[in-house]
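Please model the entire structure based on the sequences and the hints provided.
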Amino acid sequence: MDTILQLLSELHEDIDFEECDSLVNDGILDSFDIVTLIGEIADEFDVQITADKITPENFNSAESIWSLVSELMDE
Amino acid sequence: MLYTSAEFIIFAAVLLAVYHTLPRVCKPYLLLLSSVIFFASYAWYNLPFLIFTVLVTYAGGIAVAKVYERGEGEISSGEFDRETKKEMRRRVKRRAKLVMALTVTADIAVLAVLKYYNFALHNANALLHFTKNESDLFITLALPLGISFYTFMCVGYVVDVFRKKYSAERNILKVALFAAYFPQLVQGPFSRYDETGAQLWSPSDVGADALSWAFLRIAWGYFKKLVLADRVAVAVNALAGDADAYRGAYALAAVVLYSIRIYADFTGGIDITIGLSEALGVKLRENFIRPYFSKSIAEYWRRWHISLGEWFREYLFYPLSIAGPVGKASKWVKKHVGAGAAKRFPVYVATVIVWFVTGIWHGAAWNFIAWGMANCVVILISQELSPLYEKFHAKTGIGEGGAWGAFMIVRTYFLMSMIRMFDVYADVGKTFSAVGSIFTTFNYGVFFDGSMLTLGLTGADYALLAVGCAVIFAVSVLGGKKSLRERTSGRYALRVSLSCLLAVATLVFGAYGIGYDASQFIYNQF
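These protein sequence lines are chains A and B, in that order.
Here the first sequence is numbered in numbering that gives the first Met the number 0, starting from 0 and rising by one per residue.
Here the second sequence is numbered in numbering that gives the first Met the number 0, starting from 0 and rising by one per residue.
Keep in mind that the hints were calculated from the coordinates and are not lab data.
All clues stand as given, with none of them false.
As a list, the in silico DSS-like pairs of lysine-lysine whose alpha-carbon atoms are at most 30 Å apart:
#1 A:Lys52 to B:Lys164
#2 A:Lys52 to B:Lys85
#3 A:Lys52 to B:Lys65
#4 B:Lys92 to B:Lys330
#5 A:Lys52 to B:Lys330
These numbers were taken from a predicted model, which means no experiment stands behind them.
What follows is the structure in structure tokens.
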């Protein structure tokens, strides 16, 4: 989870990612950010997030991103 | 059967009258029949293309589902260890992907041949000079109505089934109605099967609230189309028709007038579509959120033709940017160029491809490709400059509100409106020359010496346009914090009065008669 928070804060320093749960819905993370994040996640956790997993629900908060990554690591 | 034709008004009135007397179970069949009649009214001989796409999409969805079912059956039929099961699932997914890809290829092939064959042939011949009579080899069929819209919706359906977003539809008539639903054929919006599939087959009851809102929305759409878009089209056509003569201030006038035309035309058409659909008990997604209030091009594209942007993001941008080959190329870039370039690489590749396809989706011509690429360049430059903007805001303490926010809105409006001129002049060189002349030809006196009255519009026309734009602006501002639907909820008398007022205004001030052409919607041609 800390790594996810770290990756997110590298994208936008001024956002409180621990609290925010509408990153996509509020337009904080745009498609460019999401693609960059997916690349970073692939490097850090060795998991591939496929296009069907790129949904607002999965990227709206650090927690939902972490739970997606955890799920993929368990597969 | 144009939305603006008497035939359509009669068609819609009869349909609504009959539709609401039918039991719910019969309604989808009437919708399907009406959709086929509407489609055939443009060019009945194009029906086989629509039927082909429906058949392929339906069969493709079922085939993908069968691959998964068979695969799961195999996996659950024996006792396999975890790794074997994972490998078996990967194999099943590869097979399903192949079936999905073949279906998508077949769907796109029809669009490609009918819409892009002539363009490809012309350009190939310009390069290779293999024939002197290329027009003899052209396809001269009219494009099937809404082919760019229904093809993409069908592609989205098959991809969603592959992604297991929802199950494959077993009833072919449901797939047919999803693809051919007539209000969407004119100019979208793109819908997804999980949004409209069930609604179309079991439409909701239409109460007084929905019906009064639907008619207000339809009246508002006709007002925008017939009073504003078709009126301003006269001046836009005059200016675009002689780009060499109309330079400088005239080109600036074309930029502003076309921004009014396309807004009133496209949003007006979508208002009619969404209103009509609501009157039929089917809610369609919104396609605009006050786009001219956007502060950046990226934001503009999240608020203008939203359903197209979302379609491209979901079915092209993300799959491309995270595709295996792009990832491999990105690693190569990291090794040979640097980490910063490697990070940008997937986004850049996907953005360039998406905007190329978005451009060519609008039309098989170089001006549309140039339009797409211009959007792409501006978006990528904005992306590169965003750290600078952030520093600027942090250092100066200037936020995105107030005067700076207003400046950003005006800047975005003019930037987008200028890029859009590729569409107006339909020629890349002319567009650069005309838009460039805004900054080099200082003939701004023409705004005050009566020259603008020589473009086919009178002073009264301009006054009407100004009033119409003011009304649109007021409606946009009013609907900003709380939607107008909510604001007028339960106030049926107000809605009915406004609908009547708009209808009368459209009848009195609509751009009909000599010199005007109650034309098809611009997006219908895309």
